[in-house]
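Use the sequences and the hints to build the structure in full.
Residue numbers (the UniProt record's numbering), protein chains in the order written: chain A, 1 to 340; chain B, 1 to 332; chain C, 1 to 337.
Honestly, the hints are just simulated from the structure, not real lab data.
Heads up, a few of these hints could be off.
[To be verified] DSS-like mimics (lysine-lysine), calculated; alpha carbons at most 30 Å apart, straight line:
#: 1; chain 1: C; residue 1: K189; chain 2: C; residue 2: K212
#: 2; chain 1: C; residue 1: K297; chain 2: A; residue 2: K58
#: 3; chain 1: C; residue 1: K255; chain 2: A; residue 2: K58
#: 4; chain 1: A; residue 1: K58; chain 2: C; residue 2: K212
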Amino acid sequence: MTSESLAEKRTRPGRPLLFISLSALLLLLGIVGSLKWGQAPVSWHGLLGALVGPGDGKTDLYVRLLRLPRALTACMAGAQLALAGLLTQLATRNPLASPHLFGVNAGASFFVVIGLVAIPDFSAPLAVGLAFAGAAAGAILVWSLAGGGRFSPVQLALAGITVHFLLSALTEGMMVLNQQSTDSMIFWLVGSVSQASWQDVRLLSPFLGSSLIFLFALLPSLRLLAVEDEIASGLGQRVAAVRTAAFVLVLLLAGSAVALCGPIGFLCLIVPHISRALVGGKLGALVPMTALLGGALLVCADLASRFIAFPFESPVGIVTSALGAPLFLHLARRRGGTVR
Amino acid sequence: MRRTTALAAAFLLMLLLTAVSLRFGAVAVPWRHIGETLLGRPNPSSFVVDKVRLPRIATAVLAGFGLAVSGVILQSLLRNPLASPDVVGVSKGAGFAAAAVLFLYPRAPAFALPAAAFAGAFAAFALLLTLSRRLRLGPAALALVGVAVGAVFQAGTQYLIVRHPTDINLALLWLTGSLWGRSWSHVLLLLPWIAALLPLAWSGFAKLNLLQLTDEVAVSLGLRIVRERLWLILLAVALAGIAVAAVGAIGFVGLVAPHMARRIVGSRHQWLIPLAALLGADLMLLGDVLGRVLIVPREVPVGIMSAVIGAPYFVYLLRKAKDAGARGRTGN
Amino acid sequence: MRWGVKKALAIALVCLWSVALAACGAAGNSNSGAGPAASSSSPSASAPSPSAASPQASAESASGPITMEDAVGTVTLQKVPERIVAMDFSFTDALATLDVQPVGIADDDDPGLFMDAVKSKLTNYQSVGSRYEPNIERISALQPDLIIVDINKHKNALEQLKGIAPLLILDDYEADYDQMIKNYRIIAKAVGKEAEGEKRLAEHQAIIDEAKAKLGGAKLTVLPAVVNPTGFFAHSEHSFSGSFLAMMGFDDPVKNETSYPQLSLEQLVETNPQALFLLPTDQKTIVDQWESNPLWKQIDAAANGKVFTVERRDWSLSRGLLGSEKMAADLVSALGA
Chain A
1 MTSESLAEKR
11 TRPGRPLLFI
21 SLSALLLLLG
31 IVGSLKWGQA
41 PVSWHGLLGA
51 LVGPGDGKTD
61 LYVRLLRLPR
71 ALTACMAGAQ
81 LALAGLLTQL
91 ATRNPLASPH
101 LFGVNAGASF
111 FVVIGLVAIP
121 DFSAPLAVGL
131 AFAGAAAGAI
141 LVWSLAGGGR
151 FSPVQLALAG
161 ITVHFLLSAL
171 TEGMMVLNQQ
181 STDSMIFWLV
191 GSVSQASWQD
201 VRLLSPFLGS
211 SLIFLFALLP
221 SLRLLAVEDE
231 IASGLGQRVA
241 AVRTAAFVLV
251 LLLAGSAVAL
261 CGPIGFLCLI
271 VPHISRALVG
281 GKLGALVPMT
291 ALLGGALLVC
301 ADLASRFIAF
311 PFESPVGIVT
321 SALGAPLFLH
331 LARRRGGTVR
Chain B
1 MRRTTALAAA
11 FLLMLLLTAV
21 SLRFGAVAVP
31 WRHIGETLLG
41 RPNPSSFVVD
51 KVRLPRIATA
61 VLAGFGLAVS
71 GVILQSLLRN
81 PLASPDVVGV
91 SKGAGFAAAA
101 VLFLYPRAPA
111 FALPAAAFAG
121 AFAAFALLLT
131 LSRRLRLGPA
141 ALALVGVAVG
151 AVFQAGTQYL
161 IVRHPTDINL
171 ALLWLTGSLW
181 GRSWSHVLLL
191 LPWIAALLPL
201 AWSGFAKLNL
211 LQLTDEVAVS
221 LGLRIVRERL
231 WLILLAVALA
241 GIAVAAVGAI
251 GFVGLVAPHM
261 ARRIVGSRHQ
271 WLIPLAALLG
281 ADLMLLGDVL
291 GRVLIVPREV
301 PVGIMSAVIG
311 APYFVYLLRK
321 AKDAGARGRT
331 GN
Chain C
1 MRWGVKKALA
11 IALVCLWSVA
21 LAACGAAGNS
31 NSGAGPAASS
41 SSPSASAPSP
51 SAASPQASAE
61 SASGPITMED
71 AVGTVTLQKV
81 PERIVAMDFS
91 FTDALATLDV
101 QPVGIADDDD
111 PGLFMDAVKS
121 KLTNYQSVGS
131 RYEPNIERIS
141 ALQPDLIIVD
151 INKHKNALEQ
161 LKGIAPLLIL
171 DDYEADYDQM
181 IKNYRIIAKA
191 VGKEAEGEKR
201 LAEHQAIIDE
211 AKAKLGGAKL
221 TVLPAVVNPT
231 GFFAHSEHSF
241 SGSFLAMMGF
251 DDPVKNETSY
261 PQLSLEQLVE
271 TNPQALFLLP
281 TDQKTIVDQW
291 ESNPLWKQID
301 AAANGKVFTV
311 ERRDWSLSRG
321 LLGSEKMAAD
331 LVSALGA
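Set out below in structure tokens:
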């Protein structure tokens, strides 16, 4: 926590605003790029025509029915995952923490894989429902194991990693034992927004909206999470309540995003770190920065994912790791004095 | 006294599980045949006992030793209860190298796979060292860099997997960890390494006892932190790397066995290391024998079974610790 | 320092255990190095007399040893194998056309994965489990005299399997149609039915030629694809079904080195196949969603009503003569004039 207070002292008042607007710009550029470039060539003129005109040539349909909902889904999912990561790190005070510690990814994956095996007419909308249920089940399991709102960060981390390993092992077991449908499972497990449609946008937006409102209402109390346990126990009830609220938020944010896009893990871990390094630890700036940067990063990663093995798509989760990890390492090294 | 009892119990359990593993499987083998095979007399079951079950058991035990001890060292050095060969990226590096061999060089001879896995583990380790050197190999830095390195390797593995959907199952079995087809040549690969590295790891117990405290304490007690840490991590990586090379990227044993041991004998490494090793072997053996008898004629890979068995026990330990903690608080 | 002594004792105990295990393994090794060899050589030593009398051997020219080249070298069998274990569906397909009953098959313990034409010919076999990790104990209990394995999938266990029976190691991994025919000839020779094999291949060629004639040389771009709830996996001409289609005279619209590329809807529209053969893994697949998208109708195959659903076990699992003939029949019924 010393790093945070140092960062706050260093931060000049104009700096957060600058970085927030820069990430908004990056997000915008990313969305435009996602509409322009893909497997089929689309000219700038054609792109403009597709956005304003009612035409229904191939190009118009590509832009309106495939690329636009895909870019929007990536943007929303990225913001949600980044915010979920931020909340997890605040609640556990563990730099390794990400929503998968709450059992969200593993729970969702497990339920989806069970669905693929057990339900004969398994369909994509059903997968979303199952994934969300699984994310909730995983989170509740971790929650109850860690002892409700009174958990210590270490206990939560332990409970989370255990549930994660257990559910992942069961998931892998289902896959290994049902080799005929392994392909469909593995492609769900790597995480991708390439199949996103308007239906996904409609499904995801209420989650993002309600979570954002909830989050801003909660913002003043979130600072309690940063307090050391010894001090926090003096505040007792209050801290437990805030942790519970943060937990519900993580579930809403990460659960819905994972349900639609599959587990895109690295984003939750790194975006909060980068944001904190750029705008400091003040939550008022950190929260919007994290959300915007998360959205921008996932949109850009999705764009990049189309060109790794052109003309074929690569899952976006791979790109987020490849882009995010070196950046993350650089930050860790630059702040070498404080990260010990 | 309690510690000796725990060690003896874990050791006896290992012997018991060895016997059970020899007796049960897809094919019925009477005790008499096992005895005859062990005495070197030919009998109808000598192939199954000597060529299939014995090497599997030996591989399981040796790999269990390696994974568990590696986990102990990493958890103490990183002062992070989540640490395991998985977390510092070593298993992921091995996994990536193995997947590359499986997918890109399908005609490579069988020994290429463990060799690549071992090299991959060390490549990940070298990367980890280079990147965290300026951070003086501090625990948080190692954990952070390890997660990042691991993520990059995992992304590479996933990329290979989705680009070659036909061979997913082959790669998946390896990434889960399996003892299928492990023969005496695997045992011979493991034995010299484990036999050399385990005593080395154990002889470092005094340093580990200090290093798991804060840096300040360790320095004031006269430890040259960076050098000691480097040496011990090297040991942990070698142990995990060789185990993973032989049995695949089994994740749970390296995490759960050290925790079980810690709950039983506390965190003094002279006891912790041997008990964790024995528990790791027990976990592997139990996972293997259950995996072999559950859905005959198919097998459940040991990586899955050991997690399915180990996790509930781990959960139980967690709950117990929590209750004890709660009692402690109310007592105060 | 009391613990030091105890610890040293414990460590010594563990080392003792490992050494003992290794030693008895080595001891077992040396004598049962003779063990399986003896058990496998005893049938073959006693083989000449019964096999000379057996009708099987007299019917065949193979009264002497059979020699053939597999993917790694020369295999010599002392007599016609009677207890064969097949480790993949393609080998089973080949054995079924030769009227040879395998005693063990790696069928993932799910007979539903056999195509009907193969299943109807199998009378009495034992499943040896997964195709990727077949149960070695179960195989040894079957006491086979030939095991047909794949060069890639089973390479980790070759050492153990060799101790059970002679191996026929075939290049089945990602085999295309031509490779499959080559493997078929090797298998026919190994089971002592070289002549029957050639006869069956001629019949097969006749069936294929007839199908080609019925298709009337229609020059279409045809794409087979495995579809599941999350993805659409095209089979290019480097895959088995793709190479078969190329042999039948169709064009591969994907034109890529990859055998099984995953396509997005945008890319499928760009690829624009004139006929689509869907191999669903589940009842509902991603195509159900795509069909409601106006872009789906932009694909020639969809616009012209040439989207067909066929069985995956016929097109992509069986990978043998029977599978190919079923594919030819499916093609004729879908596209034939």
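Hint numbers contradicted by this structure: When the structure is compared with the hints, only number 4 turns out to be violated.
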